[in-house]
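Enquirer: Given next are the chains, with one letter for each unit.
Number of protein chains: 2
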Amino acid sequence: MDDGRDVVSEALDVALAYYEAWTSKDFERAMTFIADDIVCDAPAGRIEGSVAYRAFMGPFVQILERSELIAAFGDDETAVVMYDTKTIPVPSAPGAECLTVENGKITRSRFVFDRAPFAASRAA
Amino acid sequence: MDDGRDVVSEALDVALAYYEAWTSKDFERAMTFIADDIVCDAPAGRIEGSVAYRAFMGPFVQILERSELIAAFGDDETAVVMYDTKTIPVPSAPGAECLTVENGKITRSRFVFDRAPFAASRAA
Chain A
1 MDDGRDVVSE ALDVALAYYE AWTSKDFERA MTFIADDIVC DAPAGRIEGS
51 VAYRAFMGPF VQILERSELI AAFGDDETAV VMYDTKTIPV PSAPGAECLT
101 VENGKITRSR FVFDRAPFAA SRAA
Chain P
1 MDDGRDVVSE ALDVALAYYE AWTSKDFERA MTFIADDIVC DAPAGRIEGS
51 VAYRAFMGPF VQILERSELI AAFGDDETAV VMYDTKTIPV PSAPGAECLT
101 VENGKITRSR FVFDRAPFAA SRAA
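Protein chains in written order, with my numbering: chain A, 1 to 124; chain P, 1 to 124.
Since the hints were made in silico from the structure, they are not lab data. Yeah, the Cβ is synthetic: ideal placement off N, Cα and C, and Gly gets one too. Careful, some of the hints might be misleading.
Over 12 Å on every C-beta distance to chain P, these chain A residues come out as not near it, computed from the model [what the hints assert, rightly or not]:
1. ALA17
2. ASP26
3. ALA35
4. ASP36
5. SER50
6. GLN62
7. ILE88
8. ALA96
9. LYS105
These stretches of chain P come out as covered by chain A in the derived footprint (C-beta under 8 Å, 3 or more residues) [to be verified]:
10. 72-81
11. 94-106
Okay, chain A solo, but in the shape it has when bound (with noise of 0.2 Å):
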């Protein structure tokens, strides 16, 4: 961003938009900030592409309830955010999030969370 300040972390000023864009469900905006190319490792296996992407975490946006921001940290290229959501199956869900950011998107992500709350809440 050429607003004159210091930039601490592009990298992380990119992930903090992204997280503010999602978590308060603007997930078009959100889109924004992902790669055509994005490479993303999930619990459930590799996302490639943002059509893909968008398919994965549209309909986790659609069930979020809240977010609060547990920590966040980054340099030029890449950015850790870590959150704890509350979405309409489970309490308390928290997720973490390893994002490279190259030219303003997110080209790759390593996401973790835990999968056992929602097939819970499944198979109840």
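Put chain P on the given structure of chain A with help from the hints.
Expert: Here is chain P on its own, set in the frame of chain A:
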């Protein structure tokens, strides 16, 4: 550490020393970084105190084969590490920890990983 170098992050130093210890299976050294009154929120619930933490983490170190660090960031009080472990039952089990450090010891931990593949392994 009073070795004359610039201390980028005391919390990160402790988090990485802890990580290096448990991933090299030196679990007793790892436990030296855990405060007696640690509070850890893990996928299965809250773990309070170093005795309970030892009972939680010890068995995991027993099944650990290796770990690859994905990212590590921190400031004076807080650090976040993300890594991918290979364990005997689960070939890829990524985890993320947000650690609060006080006086060189980890007093607070938010621990995120996916329990699903471990449950599937037990059921198989």
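Enquirer: Compare the structure with each hint and give your call.
Expert: Quick rundown of the hints versus the structure:
1. Under the 12 Å C-beta cut-off, the non-interface status given to ALA17 of chain A relative to chain P holds; the minimum distance is some 18 Å.
2. Every Cβ of chain P is farther than 12 Å from the Cβ of ASP26 of chain A; the closest lies at roughly 24 Å, confirming the non-interface assignment.
3. Non-interface status of ALA35 of chain A relative to chain P is upheld: no Cβ of that chain comes within 12 Å, the nearest being about 18 Å off.
4. Every CB of chain P is more than 12 Å from the CB of ASP36 of chain A (nearest about 23 Å), matching its label as outside the interface.
5. Non-interface call for SER50 of chain A relative to chain P: holds, since the shortest CB-CB distance, roughly 22 Å, exceeds 12 Å.
6. Listed as outside the interface, GLN62 of chain A is consistent with that label: its C-beta sits roughly 21 Å from the nearest C-beta of chain P, beyond the 12 Å cut-off.
7. Distance check for ILE88 of chain A against chain P: the nearest CB is about 19 Å away, which clears 12 Å, and the non-interface claim stands.
8. Not every Cβ of chain P is farther than 12 Å from the Cβ of ALA96 of chain A; the closest lies at roughly 3 Å, contradicting the non-interface assignment.
9. Taking the minimum C-beta to C-beta distance to chain P, about 18 Å, the non-interface status of LYS105 of chain A holds against the 12 Å cut.
10. Here the region 72-81 of chain P counts 5 residues with a CB under 8 Å from a CB of chain A, which clears the bar of 3, and the coverage holds.
11. With 4 residues having a Cβ less than 8 Å from any Cβ of chain A, the region 94-106 of chain P passes the three-residue criterion, so the hint holds.
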